[in-house]
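**Q** Next come the chains, spelled out residue by residue.
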Amino acid sequence: MSTARTWAVALTGVDGHLVEVEADLSNQTPEFRIIGLPDKSLGEAVQRVHNACKNSGLDLPRRRFTVNLSPASLPKHGAGFDLGIAVASLAAGGAIDPRSIAATVHVGELGLDGRIRPVPGVLPAVFAAARAGFGTVIVPRGNEEEARLVPGLEVRAATSLAEVAVWHGADIDVPEVLPVEASAGPVREETAVDLQDVVGQEDAVEALVVAAAGGHHMLLSGPPGAGKTMLARRLPGIMPPLGDHESLEVASIRSLSGEPVAALDRVPPLESPHHSASVAALVGGGSRTARPGAIARAHCGVLFLDEAAEFSRVALDALRQPLESGVIEVHRAGFTAAFPARFQLLLAMNPCPCGNHGVRGAECICPPMAIRRYSTRLSGPLRDRIDIDLQVSRVSASRAMGESTAGMTTSEARTRVSAARERAARRWRSTRWRRNADIPGTWLRQGTLRLPATVRAPLDRALERGALTLRGYDRVLRVAWTMADLGELDRPGLEEVGRALHLRRGLPR
Amino acid sequence: MAAKDELGRAGEERAAQYLTRIGYTVLARNWRCVQGEIDIIASHDGHLAVVEVKTRRTAVFGHPFEAIDPRKRRRLWQLAQAWVAEHPDAARGRVVRLEAIGIIGADPAQGTLEHLVDIA
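Just so you know, the protein sequences line up as chains A and B, in that order.
For the first sequence, numbering that gives the first Met the number 0 gives the first residue as 0, with consecutive numbering after it.
For the second sequence, numbering that gives the first Met the number 0 gives the first residue as 0, with consecutive numbering after it.
Read the hints as simulated data drawn from the structure, not as lab findings.
Warning: the hint list may mix true and false statements.
Unchecked claim - Computed, partial: chain A to chain B, Cβ under 8 Å:
| hint | residue |
| --- | --- |
| 1 | N26 |
| 2 | T28 |
| 3 | P29 |
| 4 | R61 |
| 5 | T65 |
Even glycine gets a Cβ: it sits at the ideal position worked out from N, Cα and C.
Okay, chain A solo, but in the shape it has when bound (with noise of 0.2 Å):
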């Protein structure tokens, strides 16, 4: 008899790809089918948009609808649909105008009470209703302030399916009715800390400060209390803020994972899951949908393992991929889903089982064979990744309880990093890389870029020595150009190269 379309957006990882809803009224006794490949909470969808209906005072006729969700190969979940599935039936029954729903994308949903409920992902979704070029976009109250994060589109935040349906042009009253709220996320600890906390440990600190500004993986190692943990989270407080276009990723990402988001987070993440996390943990998961893991949560941040030697192998063998590509994939039957992944990967771990390998006035009790199977628990593919291999050792007593001379602040730091970003950036403006942890090996050894063979010395004696591979060479070089970045030089000296090849080496006990 007649049909009406809306849109609506299905989610598979954080990208967005918009459905079309369309509804059919034919006469025959009533039925309501919804087809397209829903899952079970989508097909649940005919009860809810029934009632919602009946209680919003806004009768569907009695006759068969069927809904189908173009297109139809895609598989979709979740209740978000609810919203759009309610309107293209009212319009097609002829409550609404199917005109005015049919340049409008619909997100939420429904309540037995006609009440609109909030759904996790609104701001993927959101996203990419404005780059597909649509003008208007409703979607529940309780998202409101995370929809409108996302600029050049109409937002509208709507309490109940009446006032979507009066805006739409139905001759009903709107009841007054409590939004329903978005569920309050957990409590993120504002972080009061700083690096001046950091007592007694220059040369960690200014380690850290070269990772943030080169955007180089960094292995912390040392006995328990010399402040691994600390130091690792400081280290998004010194990394530049989030550009306007990564922020929109991080926080696409956490409301994926079902977390409200209520403005922009500047700050970088950090993740830190715990070291018994599963590889569907760390990378993502989920047999319909797709949930980011930590490897996700941390794009754009850092992702901190500590105690790295006790994660199984597999799980931290499932980084390597994505510290390559920036790009970690989840496959399942029917879909595959893609989170970005650009993370700095910081490791922290013991020297052996008990910690007190190497430790000065400490005895080890391990014996040596598990010092040496422990020490191999990241394997060598990873440990080629990290740039930055730095022993911390604890703070002497004296140092600890003398006069602090005051340390380097937080504040101080992103300074320095930023400048030395800044810098980088400028020199490779011709590349398509902007930090010195992704440039390519062989731009550094060749080329304009090469250094003269008195400053190469060092590494050049340690790679014919066999101390050190090409890959590992390479790594030299690019800690050895954030240092001369950090230290404003156009290029680095010996000086830098020494202190780079010291970091890749760890301090000498």
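Given chain A's structure and the hints, the job is docking chain B onto it.
**A** Just chain B, lined up with the frame of chain A:
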């Protein structure tokens, strides 16, 4: 006769009048066989209409059409085949189709009447 049967009777009467008015020829009413009963059988333009009439006083307990579920439709098809088998002459050259008439109103003669043609 129970009140609900009387209501149903009155509804069927109204439906038969309505069908005659729009040009149907009523061939049989309340035709019974072992499988059940067909309310109205009528012919119209090369179609043989097997009509199920549902009458309700109010829509509070659901719309009359909601009572015609897939099971009921399947049974109506079986009944239609049984009728065709018994009346080959009347059915020859005609396409069988199912129709439904729903009437809502305490007095079926005055209530609202809805007519669905060719329900699957």
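**Q** Compare the structure with each hint and give your call.
**A** Verification of the supplied hints:
no.	hint	verdict
1	N26	5 Å, holds
2	T28	4 Å, holds
3	P29	5 Å, holds
4	R61	4 Å, holds
5	T65	12 Å, violated
Hint 5 alone, counting from the list given before, is not met by this structure.
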